[in-house]
Amino acid sequence: MSSFRFIHLVQFVVLMALQILLMRNLVLFDTGFCFVYIGFILFLPIDIDKVLLLVLAFITGITIDLFYDTAGVHAAATVLVGYLRPFMLKLLTPRDGYETSDNASLTSMGWRWFLTYGIVLLLVHHFTLFFLELNGFKLIGFTLAKIIASTFFTGAVLVIFQMLFFARRVRGFR
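For the sequence shown, position 25 (counting from the first letter as 1) is numbered 95 according to the numbering used here, and the numbering increases by one without interruption.
Calculated directly from the structure, the hints in this document are not laboratory data.
Just so you know, not all the hints are guaranteed correct.
Unchecked claim - Once the Cα atoms are required to be at most 20 Å apart in a straight line, the calculated EDC-like pairs of lysine to aspartate or glutamate come out as: (1) Lys160 - Asp117; (2) Lys208 - Asp100; (3) Lys160 - Asp119.
Said to hold, decoys possible - Per label pair, the in silico range of CB-to-CB distance: (4) Ile230 - Leu136: 21 to 31 Å; (5) Arg165 - Asn95: 41 to 51 Å; (6) Leu209 - Asp117: 32 to 42 Å; (7) Thr186 - Leu214: 18 to 28 Å.
These figures come from a predicted structure and were not determined experimentally.
Ideal Cβ positions, reconstructed from N, Cα and C, are used throughout, including at glycine.
Between the sequences and the hints, there should be enough to build the whole structure, so can you do that?
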(Lines of atoms letter the chains of each structure in order from A and count residues from 1; the text may use other names and numbers.)
(Lines give C-alpha, C1' and ligand atoms only; values in the text may rest on other atoms or scores of the structure.)
Protein backbone atom coordinates (compact mmCIF):
# COMPACT_ATOMS: atom_id res chain seq x y z
CA MET A 1 0.00 0.00 0.00
CA SER A 2 1.51 3.31 -1.00
CA SER A 3 1.98 6.09 1.52
CA PHE A 4 -0.61 8.15 -0.36
CA ARG A 5 -3.35 5.59 0.23
CA PHE A 6 -2.24 5.02 3.80
CA ILE A 7 -2.42 8.75 4.58
CA HIS A 8 -5.96 9.00 3.22
CA LEU A 9 -7.01 5.85 5.08
CA VAL A 10 -5.70 7.33 8.33
CA GLN A 11 -7.42 10.62 7.53
CA PHE A 12 -10.71 8.77 6.94
CA VAL A 13 -10.45 6.90 10.24
CA VAL A 14 -9.48 10.02 12.21
CA LEU A 15 -12.26 12.19 10.74
CA MET A 16 -14.88 9.45 11.22
CA ALA A 17 -13.77 8.88 14.82
CA LEU A 18 -13.82 12.63 15.51
CA GLN A 19 -17.31 12.93 14.03
CA ILE A 20 -18.81 9.91 15.76
CA LEU A 21 -17.16 10.25 19.16
CA LEU A 22 -16.77 13.99 19.66
CA MET A 23 -18.53 16.21 17.14
CA ARG A 24 -21.83 14.37 17.44
CA ASN A 25 -22.34 15.96 20.85
CA LEU A 26 -20.79 19.35 20.08
CA VAL A 27 -23.49 21.88 19.21
CA LEU A 28 -23.27 25.67 19.41
CA PHE A 29 -26.41 27.30 20.82
CA ASP A 30 -28.69 24.56 19.43
CA THR A 31 -27.94 25.96 15.97
CA GLY A 32 -24.38 25.21 14.84
CA PHE A 33 -23.46 21.59 14.16
CA CYS A 34 -19.99 20.42 13.16
CA PHE A 35 -19.69 17.81 10.42
CA VAL A 36 -15.92 17.28 10.08
CA TYR A 37 -16.36 14.03 8.16
CA ILE A 38 -17.01 16.03 4.97
CA GLY A 39 -13.38 17.14 5.20
CA PHE A 40 -12.35 13.71 3.94
CA ILE A 41 -14.03 14.42 0.59
CA LEU A 42 -12.83 18.02 0.49
CA PHE A 43 -9.17 17.11 1.18
CA LEU A 44 -8.81 14.36 -1.43
CA PRO A 45 -6.35 14.90 -4.31
CA ILE A 46 -7.50 17.17 -7.10
CA ASP A 47 -6.90 14.60 -9.84
CA ILE A 48 -8.85 11.74 -8.20
CA ASP A 49 -11.04 9.64 -10.50
CA LYS A 50 -14.64 10.89 -10.46
CA VAL A 51 -16.17 7.44 -9.99
CA LEU A 52 -13.82 6.70 -7.09
CA LEU A 53 -14.69 10.08 -5.60
CA LEU A 54 -18.42 9.27 -5.70
CA VAL A 55 -17.84 5.83 -4.19
CA LEU A 56 -15.74 7.32 -1.39
CA ALA A 57 -18.37 10.01 -0.82
CA PHE A 58 -21.08 7.35 -0.52
CA ILE A 59 -19.00 5.23 1.87
CA THR A 60 -18.25 8.30 3.98
CA GLY A 61 -21.88 9.40 4.14
CA ILE A 62 -23.36 5.95 4.76
CA THR A 63 -20.85 5.35 7.57
CA ILE A 64 -22.12 8.46 9.34
CA ASP A 65 -25.73 7.43 8.61
CA LEU A 66 -25.12 4.09 10.30
CA PHE A 67 -23.95 5.76 13.50
CA TYR A 68 -26.45 8.64 13.43
CA ASP A 69 -29.42 6.44 12.40
CA THR A 70 -30.39 8.91 9.66
CA ALA A 71 -31.55 6.74 6.75
CA GLY A 72 -29.24 8.07 4.04
CA VAL A 73 -29.41 11.85 4.40
CA HIS A 74 -25.68 12.16 5.11
CA ALA A 75 -24.92 9.82 2.20
CA ALA A 76 -27.08 11.90 -0.15
CA ALA A 77 -25.51 15.20 0.93
CA THR A 78 -21.98 13.80 0.75
CA VAL A 79 -22.48 12.24 -2.69
CA LEU A 80 -23.84 15.59 -3.94
CA VAL A 81 -20.66 17.28 -2.67
CA GLY A 82 -18.58 14.57 -4.34
CA TYR A 83 -20.47 15.14 -7.59
CA LEU A 84 -20.09 18.95 -7.49
CA ARG A 85 -16.46 18.95 -6.34
CA PRO A 86 -14.89 18.52 -9.83
CA PHE A 87 -17.03 21.37 -11.18
CA MET A 88 -15.97 23.59 -8.30
CA LEU A 89 -12.31 22.69 -8.84
CA LYS A 90 -12.64 23.46 -12.55
CA LEU A 91 -14.24 26.80 -11.73
CA LEU A 92 -11.39 27.69 -9.34
CA THR A 93 -8.51 26.49 -11.53
CA PRO A 94 -5.50 28.79 -11.12
CA ARG A 95 -4.02 30.48 -14.16
CA ASP A 96 -1.13 27.98 -14.22
CA GLY A 97 -3.44 25.02 -13.62
CA TYR A 98 -3.19 22.42 -10.92
CA GLU A 99 -0.18 20.20 -10.44
CA THR A 100 -0.86 16.47 -10.51
CA SER A 101 0.36 16.06 -6.93
CA ASP A 102 -1.84 18.82 -5.48
CA ASN A 103 -4.33 18.09 -2.75
CA ALA A 104 -7.28 20.34 -2.21
CA SER A 105 -5.90 21.84 0.97
CA LEU A 106 -5.20 25.14 2.60
CA THR A 107 -1.46 24.56 2.72
CA SER A 108 -1.08 23.70 -0.96
CA MET A 109 -3.57 26.12 -2.51
CA GLY A 110 -3.72 29.12 -0.20
CA TRP A 111 -6.33 30.81 1.98
CA ARG A 112 -8.48 32.55 -0.60
CA TRP A 113 -8.74 29.52 -2.87
CA PHE A 114 -9.45 27.08 -0.03
CA LEU A 115 -12.01 29.28 1.72
CA THR A 116 -13.93 29.82 -1.51
CA TYR A 117 -13.82 26.12 -2.35
CA GLY A 118 -14.62 24.95 1.18
CA ILE A 119 -17.39 27.40 2.06
CA VAL A 120 -19.31 26.80 -1.19
CA LEU A 121 -19.18 23.01 -0.89
CA LEU A 122 -19.97 23.13 2.85
CA LEU A 123 -22.99 25.33 2.13
CA VAL A 124 -24.21 22.82 -0.47
CA HIS A 125 -23.67 19.94 1.96
CA HIS A 126 -25.41 21.60 4.88
CA PHE A 127 -28.28 22.93 2.76
CA THR A 128 -28.93 19.45 1.37
CA LEU A 129 -28.51 17.75 4.73
CA PHE A 130 -30.81 20.00 6.75
CA PHE A 131 -33.57 20.22 4.16
CA LEU A 132 -33.54 16.46 3.60
CA GLU A 133 -33.67 16.00 7.34
CA LEU A 134 -36.70 18.29 7.54
CA ASN A 135 -38.33 16.63 4.54
CA GLY A 136 -39.41 19.96 3.11
CA PHE A 137 -39.09 23.71 3.55
CA LYS A 138 -40.87 24.20 6.87
CA LEU A 139 -39.16 26.33 9.52
CA ILE A 140 -37.09 27.90 6.76
CA GLY A 141 -35.72 30.75 8.92
CA PHE A 142 -34.37 28.48 11.64
CA THR A 143 -33.08 26.03 9.06
CA LEU A 144 -31.19 28.76 7.20
CA ALA A 145 -29.67 29.88 10.51
CA LYS A 146 -28.57 26.28 11.15
CA ILE A 147 -27.07 26.05 7.66
CA ILE A 148 -25.06 29.26 8.03
CA ALA A 149 -23.92 28.58 11.61
CA SER A 150 -23.01 24.98 10.81
CA THR A 151 -21.12 25.96 7.66
CA PHE A 152 -18.92 28.43 9.50
CA PHE A 153 -18.49 26.13 12.50
CA THR A 154 -17.48 23.19 10.31
CA GLY A 155 -15.28 25.42 8.15
CA ALA A 156 -13.44 26.80 11.17
CA VAL A 157 -12.83 23.32 12.58
CA LEU A 158 -11.59 22.04 9.20
CA VAL A 159 -9.19 24.99 8.85
CA ILE A 160 -7.85 24.30 12.36
CA PHE A 161 -7.55 20.60 11.47
CA GLN A 162 -5.54 21.44 8.38
CA MET A 163 -3.29 23.88 10.19
CA LEU A 164 -2.52 21.28 12.86
CA PHE A 165 -2.06 18.14 10.76
CA PHE A 166 -1.12 19.00 7.17
CA ALA A 167 2.46 19.57 6.10
CA ARG A 168 3.43 23.18 5.60
CA ARG A 169 3.78 23.87 1.86
CA VAL A 170 3.30 27.02 -0.10
CA ARG A 171 2.17 26.70 -3.72
CA GLY A 172 5.14 27.13 -5.98
CA PHE A 173 7.75 26.58 -3.24
CA ARG A 174 7.98 22.80 -2.69
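message: Flag every earlier hint the structure violates by its number, smallest first.
response: none
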